[in-house]
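A.B. asks: Here is how the chains run, residue by residue.
Number of protein chains: 2
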Amino acid sequence: MSNKGITKRDQDYSQWYLDVIERAELAENSYVRGCMVIKPYGYAIWELIQKELDRRIKESGHKNAYFPIFIPKSFFSKEASHVKGFAKECAIVTHYRLKESEDGKGVVVDESSKLEEELIVRPTSETIMYDTFSRWISSWRDLPLKINQWANVVRWERRTRPFLRTAEFLWQEGHTVYPNDEESKKEVADMLQMYSDFAREYLAMETISGKKSESEKFAGAVDTYGIEAMMQDGKALQFGTSHDLGQNFAKAFGIMFTDKDGEKKYPYQNSWGVSTRMIGAIVMTHSDDNGLVLPPTISPVKVVIIPIFNEDEKEKVLSYCKDIKESLGDIEGVEIDDREYVSAGFKFNEWEKKGVPVRIEVGPKDIQNSQAVLVRRDTGEKENAGIEKIEDAVETMLKSIQDSLLSKSKELLVSKTHRVGSYEELKTVLSSEKGFVLAHWCGNSECEEKIKSETKATTRCLTKEGIGSSGKCIICGKESKEEWVFSVSY
Amino acid sequence: MSNKGITKRDQDYSQWYLDVIERAELAENSYVRGCMVIKPYGYAIWELIQKELDRRIKESGHKNAYFPIFIPKSFFSKEASHVKGFAKECAIVTHYRLKESEDGKGVVVDESSKLEEELIVRPTSETIMYDTFSRWISSWRDLPLKINQWANVVRWERRTRPFLRTAEFLWQEGHTVYPNDEESKKEVADMLQMYSDFAREYLAMETISGKKSESEKFAGAVDTYGIEAMMQDGKALQFGTSHDLGQNFAKAFGIMFTDKDGEKKYPYQNSWGVSTRMIGAIVMTHSDDNGLVLPPTISPVKVVIIPIFNEDEKEKVLSYCKDIKESLGDIEGVEIDDREYVSAGFKFNEWEKKGVPVRIEVGPKDIQNSQAVLVRRDTGEKENAGIEKIEDAVETMLKSIQDSLLSKSKELLVSKTHRVGSYEELKTVLSSEKGFVLAHWCGNSECEEKIKSETKATTRCLTKEGIGSSGKCIICGKESKEEWVFSVSY
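Protein chains in written order, with my numbering: chain P, 19 to 508; chain W, 19 to 508.
Derived by calculation from the structure, the hints in this document are not laboratory data. Please note that the accuracy of each hint is not assured.
Straight-line distance between alpha carbons at most 20 Å, and here's what the computed SDA-like set of lysine to any residue pairs gives [stated by the list, open to error]:
(1) P/Lys69 - W/Ser231
(2) P/Lys445 - P/Gln386
(3) W/Lys81 - W/Leu71
(4) P/Lys106 - W/Ser131
(5) W/Lys496 - W/Ser231
(6) P/Lys253 - P/Gly228
(7) W/Lys123 - P/Ser507
(8) P/Lys106 - W/Asp121
(9) W/Lys69 - P/Lys253
(10) P/Lys81 - W/Leu66
(11) P/Lys132 - W/Ser130
(12) P/Lys428 - P/Lys81
(13) W/Lys365 - P/Asp160
(14) P/Lys76 - W/Leu66
Only chain P is shown next, with the shape it has when bound in the complex (with noise of 0.2 Å):
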């Protein structure tokens, strides 16, 4: 655990959030450039969001399953717009062997054991499943076919950054095969819609989502649909996706199954994805200058107890620490922080920056007095809680943390979010205070890149409430019916 400090979010909010992970020990770069090493702390956060999330995806009828990580070069040739997306950002493997090399001290590439076709390490998994999914079905009983994987994904990323883009990564990906296009599309919006309730329900985060514009889409979709968090400095970050794939990897590999009526067709499919850069989101959405904030639900400690006492009173504080542990009986991931080689300051501190939502200060007063004090980890709030009571109290805070985080973040995407009616109050927004701004654009990719070259905002999404309203695209006024979102992202 280091001791330093953490820079504060409005000196350099990107050196806060390194601080932020560094400090609570969630992540660290590995010697291989890109890649992160997720320490225990922060793979327990992902173990407690994968949990959750492999609950409702098997809740909407997905079964997990498990395909190779490599992808033979091929498969990525046969969906045109795919290997476009994802050419310049792949782990290549060539050969299988190595061997001594020549002055004995060290390893070389074997040459002769060059692959007669080279492998790519999977960016994602739509042409290794899609090759397999060709064999599976063959009939309208074969239909729907809901397939969910967990997995490490590799996208070879110039500048990385912790959870939020790195060289590999953990994620689940779904994939789904429908006989019509009408069940697919309800798909990709019922998965939207589980992504956006999950980030409310258990990240305490609120979001947007909606269609992307053709520029932002998944390399070979017909539409990829987002949802998009806004961060403390402004920023948007694409949370997850959801991709209606129509038919163009059924056709690309040959997926056709024989319908009711006898016929021969292509079906129509949709795929979906979360990942560890959920983390870097909860980081930037919740934490503060003393470092991470955690909603309770994925707070590994949710609750840590420090007793405070001098050599003689230690077998007495400690006991009374034991108490309370045992009256918090029915709240998981309580620990008592009995360590004596360090001050219960440096505690305090410590697990201020791990972001544990509750701690429990006991020392020999408290005893006397039979209560306890609790402070929240979100305000720095006290409260002296009285030990008959201790364990309502504390699952009354717990909630109130979540609720209250929520809350922010939804006040926090609210206060970020500007309509404008001119580019130059797109300008003027976005040189200042950034979040979202809603702007008409008349759907033109030049138009969407001249706003992208001059600002660095991008259209994150098309929200259902920007369909239909009527307007003038802020560039070239023509008149357009969309009003979207516009945001420097992540």
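We have chain P already, so just place chain W on it with the hints.
C.D. replies: Same frame as chain P, but now just chain W:
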């Protein structure tokens, strides 16, 4: 679901194994050489294994984390025997970009994207983890460090077989660092014991365990200990391993800690793992000529209810089935197979091949008699169960199946273990029923190699019982205090 038959074990054991896996829909080969697709039913078994194993690993104080999939080539060379062990079977990433081919019909590797240092797709994570550990550890207070990782690993095997030997497989790898040799060695033994308890209590498999010979140990270890299971064809299968790494890797990666006495020291390490190979072991231990047999603990479907009806009795029978499912409320994994486009007989056959422990048949007569017919998968025995006490009856049957599979596994292991006093005897046993052969061996690698090259049998392990037993090496005749277990193995 394939409706083809299953090859009989005594006809062609290898083909039987492949047939069982295919008909139960556990896995299939992918387009990528040696990489399998784990299908939903197979993956559901893996999830049940993971859940219980993860619980036991956490109970022993280990924390999950995640390390990069890529290992820099130079890391391998740091531990001399380690690189030798893995150099000939690794997937090597050399480039990171594809570009359009000159004929415009596909993509080729962009030679300008060659990596400065090649990356190896992890075959195991000692090197990448211990490089990191060298930064995590500085004081005795940082020890013991107890880390576990669930991940995919790649070993470029020439001859592959689903679950048993695949280019990519899923596993857990535990990695622990201790301040002294005693504690580290104790854990090597404890984790070996954990695996064998897990095999017995959860997978209904009896195993033996002990130290590996020099030639069979892990590349870089001081000692390797293995769990060995006995398959129905008399071949051994290495189920899991636990390695005493001593200070080998600590010295190679510069892991040092300041001890309580103020001195800088190299710590002691161990690592241990089991993989999706266990599923192959389960298949070959319990299954029969009718297909997969699963212990109830790891059956995704523990009970399948199959309605038998004519069109006019349909509603009545289905509603009775639902009542039964309701009555089995406390039992997880109960399904009603109400498909109408296949016959009851087809369903019996299908669920039998999937190894579902208990089948409940419900026809109109059963309703009249307020009963149902329970059929157990392992023996095929049928029994009528009154509807009032059906939960008890099913629970008793599930427990009896679990117990009986373990007994059978024990009997198999005992019946296929033979003590021999001479090389001739060993050859006779190996050429007839194979199995574990107990024989004295002097420890000399030439004698071991002679046995291996002439009979294909290798030393599997030296069990506790084999240590200190007096005899003569069956090859050279020298005095031996060690009776080793030899076997032909998977």
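A.B. asks: All hints, please: hold or fail.
C.D. replies: Hint by hint, here is what the structure shows:
1. P/Lys69 - W/Ser231: 41 Å, violated
2. P/Lys445 - P/Gln386: 61 Å, violated
3. W/Lys81 - W/Leu71: Holds. W/Lys81 to W/Leu71 sits at ~13 Å (cutoff 20 Å).
4. P/Lys106 - W/Ser131: 9 Å, holds
5. W/Lys496 - W/Ser231: 17 Å, holds
6. P/Lys253 - P/Gly228: 17 Å, holds
7. W/Lys123 - P/Ser507: At roughly 35 Å apart (the allowed maximum being 20 Å), P/Ser507 and W/Lys123 break the hint.
8. P/Lys106 - W/Asp121: At roughly 19 Å apart (the allowed maximum being 20 Å), W/Asp121 and P/Lys106 satisfy the hint.
9. W/Lys69 - P/Lys253: Given that 20 Å is the threshold and the Cα spacing comes to 38 Å, the pair is violated.
10. P/Lys81 - W/Leu66: 14 Å, holds
11. P/Lys132 - W/Ser130: This hinted pair holds, its Cα atoms lying about 18 Å apart.
12. P/Lys428 - P/Lys81: 33 Å, violated
13. W/Lys365 - P/Asp160: Distance ~16 Å between W/Lys365 and P/Asp160 Cα, so the pair holds.
14. P/Lys76 - W/Leu66: 15 Å, holds
Violated hints for the displayed structure, listed by number in ascending order: 1, 2, 7, 9, 12.
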